[in-house]
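Here's the letter readout for the chains.
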Amino acid sequence: GDSVTQMEGPVTLSEEAFLTINCTYTATGYPSLFWYVQYPGEGLQLLLKATKADDKGSNKGFEATYRKETTSFHLEKGSVQVSDSAVYFCALTGGSARQLTFGSGTQLTVLP
Amino acid sequence: NAGVMQNPRHLVRRRGQEARLRCSPMKGHSHVYWYRQLPEEGLKFMVYLQKENIIDESGMPKERFSAEFPKEGPSILRIQQVVRGDSAAYFCASSSDRAQYGNTIYFGEGSWLTVV
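Chain order of the listed sequences is A and B. Numbering-wise (our numbering), the first sequence opens with residue 150 and increments by one. Numbering-wise (our numbering), the second sequence opens with residue -7 and increments by one.
This is chain B alone, in the form it adopts within the complex (with noise of 0.2 Å):
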């Protein structure tokens, strides 16, 4: 049973591109979180997702970044016209069932964005 699976594992854009980062979920589960990582720093909580969904994107960005999750293929995040304060690492998580009910939460091994 695969894990969590995102790519690119790393990416360089420059500044003003756009990035696009994947994630399939493990086998199973239809909840998808996205969390950053700024470097130093801990992981914030940026926007989860159920199919077709946005259930909470209380931690997004209100400009430049979007997340979808269709019925068919895997979780995007996007992100228009980096900045360098946009380098950071990337985990998608999933779960089988609500995690507020105390399910588990998966992560994936990271999407690298450096923006040059």
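Just chain A, with the same shape it has in the complex (with noise of 0.2 Å):
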């Protein structure tokens, strides 16, 4: 079946640093990758996606390119702020299940 393996966390970065959170995946056919974040208490927010290869799908200063070549979906961020401190999921739909597969989670720290 499908499956997307994350990059183990806790990550621990200082303000302004350049962030990069692996996400790889496995799947059939051709899914569309997303990247979720949840604040703590809150629910989950999609924070962006991209459903064919090549595709960039950015906002808020985070982007993650479909790469079918190597079956990634990394996550980046040029220069991260201590209001991005939250844990980030990789999801992905359209392999052979009928709803999204999620990764493990990335907690992200950012200090000032």
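If you're looking for bench data, these hints aren't it; they were derived computationally from the structure. Hints may contain errors.
Interface residues of chain A toward chain B, partial, derived using beta-carbon atoms under 7 Å [said to hold, decoys possible]:
hint : residue
1    : Glu164
2    : Leu193
3    : Lys205
4    : Ser207
5    : Leu249
6    : Ser253
Simulated restraints, written as ranges between beta carbons of each label pair [stated by the list, open to error]:
hint : chain 1 : residue 1 : chain 2 : residue 2 : range
7    : B       : Arg14     : A       : Gln194    : 41 to 49 Å
8    : A       : Asp204    : B       : Lys36     : 21 to 29 Å
9    : B       : Asp48     : A       : Tyr179    : 37 to 45 Å
10   : A       : Phe167    : B       : Ser58     : 29 to 37 Å
11   : A       : Lys209    : B       : Ser79     : 29 to 37 Å
12   : A       : Glu164    : B       : Asp48     : 18 to 26 Å
13   : B       : Glu44     : A       : Ser163    : 51 to 59 Å
14   : A       : Gln194    : B       : Leu30     : 18 to 26 Å
15   : A       : Asp204    : B       : Ser58     : 20 to 28 Å
16   : A       : Pro159    : B       : Asp89     : 31 to 39 Å
17   : B       : Pro62     : A       : Glu164    : 47 to 55 Å
Quick reminder that beta carbons are idealized off the backbone N, C-alpha and C, glycines included.
Hints are included, so try docking the two chains, each in its own frame, into the full complex.
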């Protein structure tokens, strides 16, 4: 079945540092890929998405490119802020499953 | 346009009681999903419903858990005879069409169940 593997956390960075959170997937067919963010005590918010190979999703300074050749969708941000501290989830749909399959999540803490 | 609405946000139940969690999808959405997030863990799929139909319940525990999405009204996730291990955050999500076609799934803010 489908699966998503995320870089294990927690990740701790200083403000303005460069962020990369790795995400790779296994899926049949042509999945759509997503990054969701969860702030403490809240639900999941869609951060960005990409629906086909070579698409780049971007939002709030975050970017991720759908790489079919490496089956990856790594999340990047050039300069993180304290307010970016949250748990980030990589996810996919459209493989063999009819709903979202999530990675295990990566806790990011940004220090001032 | 209101988002996915869940209630209650927080629920405390004693062991053996029943818990009912409600979810109203976004306006115009007819596909509903329930996920469970155990402490310090990721999200696990439980069930996928369309109006009056259960499409996929492969993630639902075989006993004590049930879900419905009636023609009128919210989707309900029901947990009978709760145990401490049921303590978790339960997230509802909805989409306008089948997620497998790449449609975005939107999440509610969750219902936190604590079993004492």
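**Item:** Beta-carbon spacing of Lys209/A to Ser79/B - inside the hinted bounds 29 to 37 Å or not
**Value:** 32 Å, holds
**Message:** Given the hint of 41 to 49 Å, is the C-beta distance from Arg14/B to Gln194/A inside that range or not?
**Reply:** Violated: the Cβ-Cβ distance is about 21 Å, outside 41 to 49 Å.
**Message:** Quick check on a hinted range of 47 to 55 Å for Pro62/B and Glu164/A, using CB atoms only.
**Reply:** 49 Å, holds
**Prompt:** Quick one: are Asp48/B and Tyr179/A within 37 to 45 Å, going by C-beta?
**Reply:** 20 Å, violated
**Prompt:** Is it true that the C-beta distance of Glu44/B to Ser163/A lies inside 51 to 59 Å, as the hint says?
**Reply:** The hinted range 51 to 59 Å holds for Glu44/B and Ser163/A, with Cβ atoms some 52 Å apart.
**Item:** Proposed interface contact between Ser207/A and chain B, which counts if any beta carbon pair is under 7 Å
**Value:** 15 Å, violated
**Prompt:** Holds or violated: Ser253/A as interface residue toward chain B, Cβ cutoff 7 Å?
**Reply:** 4 Å, holds
**Asked** Between Phe167/A and Ser58/B, does the C-beta distance stay in 29 to 37 Å?
**Response** 47 Å, violated
**Request:** Could you tell me whether the CB distance from Pro159/A to Asp89/B stays inside 31 to 39 Å?
**Result:** 36 Å, holds
**Asked** Honestly, do Gln194/A and Leu30/B meet the 18 to 26 Å range at C-beta?
**Response** 20 Å, holds
**Asked** Does the nearest C-beta of chain B fall within a distance shorter than 7 Å of the C-beta of Leu249/A?
**Response** This interface hint holds because 6 Å falls under the 7 Å limit.
**Prompt:** Against chain B, is Leu193/A within 7 Å by beta-carbon distance?
**Reply:** 4 Å, holds
Comparing the model with each earlier hint shows violations of hints 1, 3, 4, 7, 9, 10, 12 and 15; every other hint is respected.
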